[in-house]
Amino acid sequence: MPTPTHVLAAPVEEGGELVFAHSLDSGIRVWMRGLTRVIDERPRPQGVAAPLYGGTIRDLEPLRDFVADFVEHAVDDPAGSLSPGRIRDTRAIVARTASDSLSSRMHFSYRAMSPLHTIGPWDGAAAELLLSRVRGLQQRHIGFFVTGLPELPADAVPDTQATAVISRERAEYLAEYLEAPAGQVLHHLGHAAT
Numbered sequence: 065m066p067t068p069t070h071v072l073a074a075p076v077e078e079g080g081e082l083v084f085a086h087s088l089d090s091g092i093r094v095w096m097r098g099l100t101r102v103i104d105e106r107p108r109p110q111g112v113a114a115p116l117y118g119g120t121i122r123d124l125e126p127l128r129d130f131v132a133d134f135v136e137h138a139v140d141d142p143a144g145s146l147s148p149g150r151i152r153d154t155r156a157i158v159a160r161t162a163s164d165s166l167s168s169r170m171h172f173s174y175r176a177m178s179p180l181h182t183i184g185p186w187d188g189a190a191a192e193l194l195l196s197r198v199r200g201l202q203q204r205h206i207g208f209f210v211t212g213l214p215e216l217p218a219d220a221v222p223d224t225q226a227t228a229v230i231s232r233e234r235a236e237y238l239a240e241y242l243e244a245p246a247g248q249v250l251h252h253l254g255h256a257a258t
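Per the numbering used here, the very first residue in the sequence shown carries number 65; after that it's consecutive.
The set of hints was computed from the structure by calculation and includes no laboratory data.
Beta carbons: idealized from backbone N, C-alpha and C, even for Gly.
It is possible that some hints are incorrect.
Said to hold, decoys possible - Per label pair, the in silico range of CB-to-CB distance:
(1) Pro115 to Tyr237: 22 to 30 Å
(2) Glu215 to Arg150: 14 to 22 Å
(3) Ala244 to Arg122: 19 to 27 Å
Hey, can you work out the whole structure from these sequences and the hints?
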């Protein structure tokens with residue numbers, strides 16, 4: 065009897081959705097569907113770089129529950145083997161979004177998965193995902209940047225497609241990030257306390 069697949073289609077404020085699926089096996093599969101906001105990068109990436117998409121997942125709670133459910137119930141011995149992604153001829157998503165800069169980290173906390181593992185045939189740049197939360201605020205939404213994710217057609221079944229995968233280990237780190245408070249706003253280095 066096949067294992068049921070759990071699917072979460074997370075609506076994106078700017079248009080489209082991110083689709084997550086798992087069958088309690090080797091990881092959480094990730095696709096994009098109809099994302100509309102392409103980030104205009106300067107300088108423009110060269111070579112096989114995939115477009116960088118960004119936006120806001122409207123509701124954090126279903127994603128938090130979905131990842132926690134996977135971490136709690138996933139089998140320890142995965143049924144399928146994962147292949148590490150490979151970033152070619154372009155900067156990693158952390159550099160492409162400048163999320164490693166002090167000015168960004170002052171106001172946002174980040175969780176980057178770069179590159180993701182993959183299942184099935186893959187062409188082009190490796191899939192990457194970066195989630196961001198505003199520091200000092202408890203908000204229902206969560207920001208994201210993605211690149212290299214496959215497009216999932218509206219009528220496609222999620223578990224039959226080539227896909228990017230959040231491994232079990234990374235899912236555990238992601239669950240901790242989604243459960244933790246977003247953190248306090250950082251102060252400029254050298255700023256005197258008053």
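How the hints compare with the structure:
A hinted range of 22 to 30 Å for the beta carbons of proline 115 and tyrosine 237 is consistent with their spacing of about 26 Å. The hinted window of 14 to 22 Å between glutamate 215 and arginine 150 holds, with their beta carbons roughly 20 Å apart. At about 20 Å, the beta-carbon gap between alanine 244 and arginine 122 stays in the expected band of 19 to 27 Å.
Going down the numbered hints, you'll see the structure goes against none, and every one checks out.
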